[in-house]
Structure formats: C-alpha cells, structure tokens
Amino acid sequence: MKKLKLLLVGTAAALAFAGSAAHAQKGTDGDLKILFWQAVSTMNPYLSGGTKEVYASSMVIEPLARYDEKGELVPMLVTEIPTIENGGVAKDLLSMTWKLKPDLKWADGTAFTADDAIFTWQYCKAPDGGCAQAAYYEGVKSVEAPDPHTVKITFTEPKPYPYSAFVGAQSPIIQKKQFEKCVGAAAPGCTSANFGPIGTGPFMVKEFKPNDVITFTANPNYRDPAKPAFATVTLKGGGDAASAARAVLETGEYDYAWNMQVEPEVLATMLKAGKGKLETAFGTQVERINLNHFNPDPKLGDKRATKEGGPHPALSDPAVRRALTLAIDRDIIVEAGYGAAGKATCNIVPAPANVASTKNDSWCLKQDIAAANKLLDDAGWKKGSDGIRAKDGAKLSFLYQTSTNSVRQATQELVKDMWSQIGVATELRNISASVYFGGDPASPDTFQKFYADIEMLTNNFDGTDPEKYLAGWLCDKIPTPANGWQGENETRYCNPAYDKKVAELSKTADPAKRETLSKELNDMLTEEGALIPLVHRGSVSSHSLALEGVRMNGWDSELWNVADWSRKK
Amino acid sequence: MFTYTLRRLLFAIPTLLIISFVIFALLDLAPNDPTGDLPLTIPPEVREQIRASLGLDQPFFLRYLYWLQQFFINEPLNILERLTGWQFGDGTRMRVLSWATRSPVVDLIVQRLPQTLWVVGLAYLFGILIAIPIGVISAYRQYSIFDQIGTFISMVGYSVPTFFTGVLLIVIFSSWLQWFPSVYDTNLQVTDMSSFFAQMRQMVLPVSVLSLYNASQIARFVRASMLDNLHQDYVRTARAKGVKEKSVLLVHVLRNSLIPVVTVIALGVPTIFSGAIITEQIFRVNGLGQLLIVAIQGADIPLVQTLTFIFAVLIVLFNLIADVLYGILDPRIRYD
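Respectively, the protein sequence lines represent chains A and B.
According to the working numbering, the stretch in the first sequence is residues 1 to 569, in order.
According to the working numbering, the stretch in the second sequence is residues 1 to 336, in order.
Simulated from the structure, these hints should not be mistaken for lab results.
Note that the coordinates shown come from a computational prediction; the quantities given were computed from them, not determined experimentally.
Hints may contain errors.
[Unchecked claim] A few chain B residues that face chain A, going by a derived Cβ cut-off under 10 Å, partial list only:
hint, residue
1, T35
2, G36
3, L38
4, E45
5, T101
6, D185
7, A299
Quick reminder that beta carbons are idealized off the backbone N, C-alpha and C, glycines included.
Just chain B, with the same shape it has in the complex (with noise of 0.2 Å):
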C-alpha cells in the first residue's frame, strides 16, 4: 500500500504540471482582457498601459514560467517565512498578485478559505448525516410511502438548481417571514451567545440549500448500495442464523454499503473547497466560489489559474485519498 501510494504521488507531478499549463493556455487564448470592464472614458493608450503594467505585453511560455516559479518557489517560501519566522534571502520575491485587487492571490484565499469551510463544509456534513438514514430506511422498505417521499424528495433535491432553491428560500423566509437575513455578514465575529445565534441565523438559508442538494445526491447512493447488499447470500445466512435483524442492518448490510458511499463521500470533498460558486454569489457569502467567479467575469487571470490549479491539487489529492480509503475498508481490493 505505501509503494502504492508513492508511486501515485510521483505520477501526479506531472500530471499537475500539464494541468497547470493547460489552465494557463485556455486562459490565454480566452478573449477575455481584464481592461474590459473598465469605463469606455479610459483611453485605449491608457490601457495599453495597464496592460503593460500588468505584465501582459510580455510573451506567453515567458509568463507561465513567471507564474511557476510564483507559484511554486516563492509562495511557499513566503509561507515558510511566515511560519518560521526565517528570512530567506532578502524577503523581496515577486507574488502571485491577483490584477484586480492588486494584492497576493494566497492571501484572498487564505482570506476566504474560513467561510467555505463553514458554509459549505457544514452543508456538507449535513447532507450526510441526513442522506445515511434517509437511504438506509428506503433501501429496508423500499417501495414504502416513507420510500417513495424519500426518493420523490432526492430527485427534486438533485434536479432542482441551487439558483432556483436559493432565490425561492429568501423570497419565503427573507422577504415574507422575514426569520433570517439574506445577505451573508461577513465582518460579524463570534464572540458571544448573541453573536453566535446572529452566525448561526445567517448561515440557516445558505447551509439548508446546500444541505439539500448533497444529501439528495448521497441518500441515492446509500440506497441503491444498500438495496444491493439486502439481497446478497450472506445476509440470509446471517438472517437463517437467527441474528437479530437490527444488527443485520446496521453491521452487516450498513458496513458493506458504505464501502462505495466512502468513495463517493470522498471524491467530493475537493468540492467544498471550490465553494458552492452559485450558492455563495445568492447569499453573497465570501467563500472561494465567488472569489473564482467574480475573477472569472473580472478576467482576473493570476486569480482564476491559481484557484483552478488549486482544486485541481484537491481533486487529484482525493482521488488518491479515495483509493486508498476503498483498499483499507474493503479487504478484498489489494494494489500490490
């Protein structure tokens, strides 16, 4: 398992580095210009300056080059210093800076990173503390009403947009019952029982849309896996044994399903980091999803190809991560 693993982490080298200058190629040849959204009082030879300014007028492979050493020596060397309190040469190293804002991209994202872990990272873990049961019951008695609603609920859950959902529960609890706020709050800072209450209030609309979408997704997944293991042999000889059926249930048939739910489980996590981009810009939460859009619609570029480099680490990190997840809980799957 540990050659295993360490093959997988040498191999993802350079796949990442083909990642990254694939992201940076398309973000190259999108026609995008970050001068776009600027007045049309500016004068094009001003902006022919700013681009210069933002380095632009330089050629392609030299600027990716430029963001790689950014990125890739400088910033954790910059982490480094910061950690350690070291100084590494003069402490003077070109950043990735992010052209709208003007200031280092990894200090947005460490900025942002709290709130989606929260918003997101709690719809997350509700979406699967809700799914589990929900999929468990429905697979024991399916065709059931309490099967039938749940699976009516999961699809709508699944099919219906966060756009829609999220706009629908501000209009009904914002706007008519007036019960909890619609914009995201982000300087408030919990330092006591109404403070955390008001945190707790905010978060209810943006956490429930998201809860709703992941435990629909997930309570699908248990279902079907737990229909698949009810119907095995070693379930009736566990029945024919006379065990008794809660623990049929819950240790023998819950055990072998979650094996493919882990893996899904964990396959998304590299989800939350990339936010919930729609989710957060309706509840103007300022998780990472709307700093990658707003960069995206502001042609931030520094910014977008650092944060899609990002998730694409995770992605490749998890899947890794979900590999080795399958070979500890199921004995049967050896990579050796």
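Looking at chain A on its own, in the form it has when it is part of the complex (with noise of 0.2 Å):
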C-alpha cells in the first residue's frame, strides 16, 4: 500500500512537470489506445452533437479557442483572446476580432485562411443542413476576412460575452475546400468528409469505422513541430462502462477510457489492480429535481401541466418546497450514486468558482427533518392516519419520474425515504432515456411535458458564461401546447423580479457586474424552490499510470491537449 501511495504521489508530481518540462520527440510513444463505450458515429460534430462526437474530432479539428481545465479561455489558432481592454471586441458590443496565427497549416499542407472561419459560419447555418450546433453561431449577422489572417464577426445586436461561434470544442473550424460541395441538404451526402475531416489539430484520421473503431496518425504539418508524442491513435467504441473501466484499470489494455460511469465500489476494487487512476473534473452539470409548478393532475385533461390547469395544489405552496429541500440529505446520494464524480450542491450554477455562489449552503446543504416537520406544520399540513400530510383536499403524495439509470433509481429510492420522515409520500416512476429526453410533443413522457408532480434529471451550459443557461427560467420559456412543448423552464417557474434581472444581466458587460447578477439568479431559483439542486456531477475517466499530461477537462473536449499526452519511459 506504502508502495501505491508513493508511485501515486510520484506520479502525481510526474505530472506537474510534464506541462513545461522536456517533452518527448515527436511520433515517439506509439500508439495510444483510447475507449469510448460509446461508439462514434461521425467524426463531423456539425451533423452529430453528441458528446462522444464532440471529443473524438476534437484531436482532429481545432476553434479558435478553446477553455482549458480551470474554465479559462486559451488561444489555439490565434495570437490572443480578444477583449474590450485589447481592442479584439468593439466598444458597443457589436462586432468582434481574431487574428489568426501566422503560417498555419491544414494537415493536407494547404494554408488555414480566414476564409475557412467564414466557410464554417456559412455551413452550420445553411438551410436543410440540420446543423446541431447552431446555438453557438445564434446571434452571428456577419463573418467577414478584412485580410488572410483576421475574422471579423458582427453581431446582430450587443453581445457582452461574445466567445460563443468558433470557440470550444463544439464550433470547430472545417476546411472550406473539403465541404465546400456539402453545404445544407448536400451535407449528409459527403460521407468521406465526413468520417475524414481535414483538420489543423495534432491528429489526422487514417481510417474511420463508423460506430467502431477509429485509427488516427500525427499530423505532419502540427504546427508544434516536436508534438504530439504519440505517432497513432486508435479510438475503440462500443461496450459498457464497466468493462472499457476494466480495460484500463484492471486488464491494462487501454491508456484512456472515457466516462466511467460506474457504481463507486466497483471502480475502487478495480482501482486496487494498480494499473491505473481516475480522473475528475467538474463542469457545470447539476442533477436537479424539478418541482412542476402547474396542476398535472390527468383530470384536467388537455390542460395538464399548463398555466389554464391552474396551480400545483400542493407544490404551489412555497412552505412545501423548502420543506422537500430541506429533508434531501445531498451527501447520502453522493456517497451512494457518485462518489468521487459528484459533489452535493446548492446551486443551480455550481461553477466556474467565480459565478458560484455560496449564500444558500448553510441552510440547504444539510439535511434537517426537524425544521421540515416543523414548516409543514406550521403552513397547516396535517397527518393524515396513514401518515402522510394533507391540507384543504390536497394530499402531499407526489409522482416522481425521471430516465431509467441505475444510479437514479437509487436515487430516487433515497430520496423517496428521506421525504416519507416529513410525511410526504412518493410514487416512483422511470422512463426510457430517449422517450424522456426525446422531447416528442406526442409523448405524454417528455421530460418537458412533465406530466408528474416531481422530475429528476440533469442540465448544464457549455462554455462558462451561465447569462443563456439563466435565462432558461424565465416566464415565456415554459413549455406549453402553444410551443409545441419547447422551452428550458420545465419547472413552470415564473417571476417578473426573475426575469427583470436577466434582462439587465444581458445587457451588462462588466464581468464583475455580470458575475454578481449571475449568483442573485442562481440564488432566487434555490431560495423560492423553483428547484432543488443535489449534486454537481463531475465526469469520471480512467488512464494508465503511464500515460502522462492528461489534464482533465470540464470545459471542453476531455481530450483538448492530447497533443501533449506521451507515455512515460
């Protein structure tokens, strides 16, 4: 054991060198072995959005910019971020400047000119293309190349945080000689381009099995001629969790495996091998329970769940929210469903550090029965003789759902038990993750639908400006039969003080301000109940001990420095 925790502390310390410290030749460290239990389907993120697709192209094809491990911005194609204070982005908000670094090349060895950033705005917002990531080039008027080697965008109107098209791992830059024959309905056609992106990044694609396998080779023309260290690399897909995580811990077959979703018992056995470790990071993602507003009740027919049906007789009662908040043990179902990949939060907007806010942990942090009870009681809800509280007719007994997943049907069995100590019974249901987050307005199963009293499942914002993900709450985002059932408040949350506030948060840009505007936001959801957060979940991967300079990230693709990855002599 003396002997693990020395070779884990030596590596950890291998590790905080390998960043500055010599690294190895270019081409190497062989091949690095990576596994996905998830299969890739495309290495084109524009036509996919799938996390798994996001990550693998990400070695191929490279943003603008990127956020490293701490939730920063890091140039990646250009010479520095632009900013209000270095001239990059105008005084009125309204148009931005990159400037390109010089001499890049594509892989096949033609230049990268401004030209492709233009191309790639124009592909994703094509007509008929189906582009996932149109989000990020939302609000984009123009992209214009004033010479080679700056892009100008233009805002339809101000935008006080801009870094949103050609940054992350998300809107990546694609070769406009290669798609450019693949814009709109033609984009699915172009499967070669497709499978093979040409991209500026460390790696280039030599073949590519669809839901398969994937085999890359260093890019000769990287622009850091002594990277990456590693000469190929094979992506292996498919499988489950548990083994890919036996793969690398206990079998020592492969040196990365990516989200290990596993019950935290079982990874601490395979830990044990000594073949390999964990890896956490934390982005924004927080499993929540949403406490539906509006009257489900199957009665009301066409008008369940919607402001016509009237409110929650039970859940529209502020005393019965803080009640629920107040009798989650959050640190029960980390330990129980998480364990080093979640942390139990408060907050709607867990991170980065500095829109964090700390004001709600004292009181919803820990669990405290006592004060539940004592709430219900005094807002007059009486046990009944079968131990569960009413009030006027109404009943404290709820229909809570959420997607069929191990780790949440446990969950929901704790949380189940801790909410029958405060006499509030619960009926448990779950739903196949696809019908659930399918968002089919025919289903009656939608998360969006929320055709039950509680819900649980898990959100996030990419990037780390949480201005869009807040807005989600406002009054006209609920989802009604009107708008087919879209909208991000499925909670049927909805406060003119709310949404007054995120009206001046889009219109501030002094980050301070901004930062302040965010946790007053993430503070009123938790404080009036809107919802109850319960755990910051982390993403979990495995690696081998020998495998240097991963730097894990929850901002990004995890795999955003792989070009400095090398394996230990």
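With the hints as a guide, dock the two chains, each given alone in a separate frame, to form the complex.
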C-alpha cells in the first residue's frame, strides 16, 4: 500500500511537471489506445452534436480558442483572446476580431485562412443542413475577412459575452476546400468528408469505421513540430462503462477510457490492481429535482401541467417546496451513487468558481428533518391516519419521474425514504431515456411535458457564461402546447423580478457585475424553491499510470490537450 | 419439388412486403427520437431542424414509400453498378442513409458482415461439431455417467445467459490469468503467423461463449432424436441380421436421427447473421448484432428498419431451405 501511495505521489508530481518539462520527440511514443464505451458515429460534430462525436473530432479539428481545465479561454489558432481592453471586442459590443496565428497549415499542407472560418459559419447556418451546433452561431450577423489572417464577427445586437462562435470543441473550423460541396441538404451525402475531416489538430483520421473504431496518425503539419508524442491513436468504441473501466484499470489493455459511469465501489476494487487511476473534472452539470408549479392532474385533460390548468395544489405552496429541500441529505446521495464524480450542491450554477454562489449553503446543504416538519406543521399540512400530510383536500403525495438509469433509481429510492420522514409520499416512475429526453410533443412522457409532480434530470451549460442558461427560467420559456412543449423552464417557475434581472444581465458587460447578477439569479431559484439542485456532477475518466500529460477538462473536450500527452519511459 | 419451391418463393413476396410495413409502422409508433441522446444544451429549435433534415417532418406513408424505393430499387442498382461498372441514369440515387452516421446503411452492413460470419459463424460450426458426438454417445449410453454429465452441461449451457458466461470468462481469462484479450481488435489484419495467432487469441473467448450455447441446444436435439430411433424396429432387425454395432449406430440410426437435426440447424442459420447481439456487445466485436443494438439505442430508424428487414428475409428464406432439405433427406416426404 505504501508503495502504491509513493507511486501515486510520483505520478502526480510527474504530471505536474509534464506540461513544462522537456517533451518527448514527435511520434516516438507509439500507439495511444483510447476506449469510448459509446462508439463514435461520425467525425463531423456539426452533423451529430453527441458528446462522443465532439470529443473524438476535437483531436482533428480545432476552434479558434478553447477552455482549459480551469474554464479559462486559451488561444489555439489565434494569437490572443480578443477583449475590450486589447481592442479585439468593439466598445459597442457589436463586433469582435480574431487575429489568426501566422503560417497555420491544414493537415494536407494547404494554408489555413480566415476564409475557412467564414465558410464554417455559412456551413452551419445553411438551411436544410440540420446543423447541430447552430446555437453557437446564434446572433451572428456576418463573418468577414478584412485580410486572410483576420476574422471579424459582427453581431445582430450587442453581445456582452461574445465568446461563442468558433470557441470550444463544439464549434471547430472545417476546411472550405473539403466541405465546399457539402453545404445544406448535401451535407449528409459527403460521407468521406464527414468521416475524415481535414483539420489543424495534432492528429488526422487514417481510417474511420462508424460505430466501431477510429485510427489516427500524427499530423505532419501540426503547428508545434515537436508534438504530438504519440505516432498513432486508436479510439475504440462500444461495450459498457464497467468493462471499459476494467480494460484500463485491471487488464491494462487500454491507456484511457472515457466516462466511467460505474458504481463507486466497483471502481475502488478495480483500482486495487494498481494499473491506472481516475481523473475527475467538474463542469456545470447539476442533477436536479424539478417541482411542477402547475397542476399535472390527468383529470384536466389538455390543460394538464399548463397555466390554464391552474397552480399545483401542493407544490405551489413555498413552505412545501422549502420543506422538500430541507429533508434531503445530499451527502448520502453522493456517497451512494456518485463517489468521486459528485459533490453536494445547492446551486443550479455550480461553477466556474467566480459565479458559484455560497449564499444558501448554510441552510440547504444540511439535512434538517425537524425544521422541515415544523415548516409543514406551521403551514397547516396535517398528518392523516396514513401518515401522509394533507390540507384542504390536497395530499402531499407525489408522482416522481426520471429516466431509466441505475444511479437515478437508487437516488429516487433514497429521496423517497427521506421525504417519507416528513409525511410526504412518493410514487416512483422511470422512463426510457430516449423517450424522456426525446422531446416528441406527441409523447406524454417527455421531461418538458412534465405530466408528473416531481421529476429529476441533469442539465448543464456549455462554456463558462451562464447568461443563456439562467434565461431558461424566464416566464416565456415555460413549455406549453402553443410552443410545441419546447422551452427550458420545465419546472414552470415564473417571477417578474427574476425576468427583470435576467434582462439586466443581458445588457451588462462588466465582468464583475455579471458575476454578481448571475449569483443573485442562481440564489433566487434555490431560495424560492423553483427547483432543488442535488448533485454537482463531474465526469470521471480513467487512464493508465504510464500515460502522462492528461489534464482532465470539464469545460471543453476531455481530449483537448492530447497533443501534450506522452508515455512514461 | 421445383414448382413447390417456386410457389413458396412467390408467396414470400407479399409476406415480406407485409413484414416490412409492420416493422416500419412499429418503429414509427415507438416513442423514440433520434435527437433524444443529444446533450440538453442543444436548444429545441435546433433539434427541430435536425429532425427536418432527417426527413422526419414528412408524413408516415410517404417515408415508407421512399424507403421501399431506396431499398428495392436504388440499392440493388447501386450494387449492380459497383459489380459491373455500368452506369444507370446519372448515378446519383438517394440511398438508405443511417441517421447516426449519415452514411449508407448498406455500406455499414457490408463492413460488419465478415466479423459476424467469422465469430458467430465459427461458433455455430463448433457448436454443431461438438454437439453431434455428445448427443450420439449420450443417447447410446443413456443414463451412464457420460450422459448425466453431458445432459447437465447442456442444461447449464442452455439456461445460463451469454451475458453471464461472457463476463465470467473475461474475469477469469482476461483479468486474472491474462491469457486472452477482453476487447476484440477489429483493426487486426491477418498477414503472417503472429497476426494469425493474435486473431485466434481474440476469437477464443467470444467463440467459446457462443459455442457452448449453440452446442447445448443442438446436443439436446441430437440426443432426443437418437433415442427415438434407437428403439425402432429397423434397429432391432439390423442387429438381428448381425450388422456390426458400429454401423448400426453410425449408418442406420445416426443418419435417420439427423433429419430433424438438419432442419433445426438450417432454421438457426439466420441467427448467425443477426449476430449474437449480447456477446458481440460484451467483447466489442463490431458485428451486425452490435450494429443493431447501437442503432436501436440511438433511434437510428433507417438502420434498424433495414437490418431487421434483412433478417426477416433470411428467416423466410431459411425456412424454405429447411423444408426443401427435409424433402430431399427424407424420401417419405413429398410436396408435389
């Protein structure tokens, strides 16, 4: 055990130095073997949108700037991040200018120019193309190239937080020459381009077997001639999370495996083999419980869970919502279902650190059954002969739905038990994920339709700015039959004061003021019991002890710095 | 026999059309959505555009007709073009495209078929080769120790699911003993002896799991069929005439007993193509079974539709083959 500890300390120290210390020569470290238990379907993130596709393609195609593991922007293809101070962002917030690094080359040896960025924008906004990352180019009026090394983006209205188009793994630049004939409805037909995009990243696709395995080779024209250290990469897909963990931690067949959604105790046993370690990165994912503010009673027919159906007979009472929050012991939920991959939280915006509030941690993070019971007693909810509280004919008996997933079902059981201690009964229900998250307006089981009293899910926001995410709880974002049940405000929270503050945030450019406003909005949601944040979820990956340079990232692709990875000699 | 076969083949056409419609309708009614697996950060209006780009905004019946045209006209023409080098029309036909990969479904199937045939097909062959001797000896020495053990093993092999035996073998042979790899390397090319051995090594575990299952199933059939025949009058006659025990068993009884077994084996052939879904998934063999399960999970409807339909064609076809074989092997059966 002592030896193992020493080894771990040694690896950690080695990792800390790996970034700056003398690096291995290009292509000297052989084959890097990566395992994704969900296989990659395409290498074009604009046609898929799935996390696995975004991550896999991030080794090949790159955005102008990325987020590092601290959530800070780092220039990739540009000389610096444009800001108001350095003149890169216009004072009126209507445009921004990126300066490309000189002499950048695509993997095929041709020059990388601003034209490629313009083309990427045109590609994604083309009608009938079904671009999955269209949200990244929202509000972009035009993209121009004053000269071949300058990209100027003009916005339709002032953008206080302008870093979206060409930023992050979801909006990389594709080559104009390769994709020119693949715009709009022609996009899916370009199979060879979609499977083997030419990029500027450290690796290029050698062979792509859809839904199975991808082989990469080092890009000979990569901008840093000493990188990458690995000559080839094999990215195998398929199987399940537990066997992927086993292939890295126990048998050592693979160097890196993504997304270890495995019970904490199973991982602990595998770690004893001493071949690998876990890395956790926390982004903005929060597992939360939505409380339906409208009445989902089936008797209401078409008016179920809408404003016309009226407020929820029990959950519209703030005391009930607060009591439900107080009765939950988040630490037990984390321990049982998440292990290192979760932290108890009372914030819907849990990160980055500068916008994460701590205001409600004092009362909300700790379970307080007595206080919850007292709150309900005072509000007039009296226990009946069956032990369930009721008031004016309304019973605290709820239908609690979520997607089918062993961790979620275990969490449901725990919460049910905690709530039973304050006289709240719950009926549990789970729905297949592809239906629950499918968004089909005809299905009664989607999380947006919310034909239940309580539901649980995880959501997050991309990048580090929560403005758009917080705007999801505006009154007009409530899913209704009129908008085809689309809208982010599933919990049906509506507060004019909240709406006003969001409008203020969208006009504020000063970073410090934006942080304060974001925190205030986050606190409002928790304090008023709009929803119950439960667990700040991280992503866990495992890698072999021999692999160096991994800087696990929750803000961008996990493989964002694969150019710096090397094998310990 | 020929007119019978022809009649059955003609009859298969409406059957298959109905099957294809039922599959299409079932998949359409299922509340799955191809955008269901995407991160929630992708907003609803973008999802709507994705659905429209997949053609999901068109009415159900039109989509079915499109699929029929793509599958029965465009794809065969395409295969013909590729085989002969001729060109029909301008050569740009809408092919059946998978929603997840946006590539032609037929290409995916062609890519996956060899692995399935190798792993699952070999397991089927081994299964048969193991099952027949076990079945014969078990029946001949009924209630002997060999029979007891054989029946027990085939009972276990038949009842224990492959997802259990597969993981068990991985834990024993990959994790503990480290003899065989747990992940099937689909990029391995057999070029010399060492790569051939590597290929053999990675096939051992999945093939054993499936062989055990197949052998158990067939061995029970062989045993039962042998027992039926061993007590027939013609066996006694043969013995009374002084025929050697070996030829009584292997010539008279075995040949007659194999008639129903051949039918069972022929009916099982389509399952080779449909792959062993679970076993392929456990060992990450990129075969048709794995393709199907990934497609179902991702609501990749064109791929599920096409694969299921091809399986349906195979099942109909091998039912016919089994019937015809039965007629050939057993002179007592005449269809005309």
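Going down the list of hints, with the structure as the test:
Among the interface hints, the one on T35(B) holds; its C-beta lies about 6 Å from the nearest C-beta in chain A, closer than the 10 Å criterion. The beta carbon of G36(B) comes within 4 Å of a beta carbon in chain A, closer than 10 Å, and the hint placing it at the interface holds. For L38(B), the interface hint holds, the least distance from its beta-carbon to any beta-carbon of chain A being 5 Å, beneath 10 Å. A cut of 10 Å between beta carbons decides the hint on E45(B): the least distance to chain A is about 7 Å, and the hint holds.
Using the Cβ-Cβ criterion of 10 Å, the hint placing T101(B) at the interface with chain A is satisfied: the shortest such distance is roughly 4 Å. For D185(B), the interface hint holds, since its Cβ comes within 10 Å of a Cβ in chain A; the closest pair sits about 8 Å apart. Given the 10 Å rule on beta carbons, the hint for A299(B) holds: about 6 Å separates it from the nearest Cβ of chain A.
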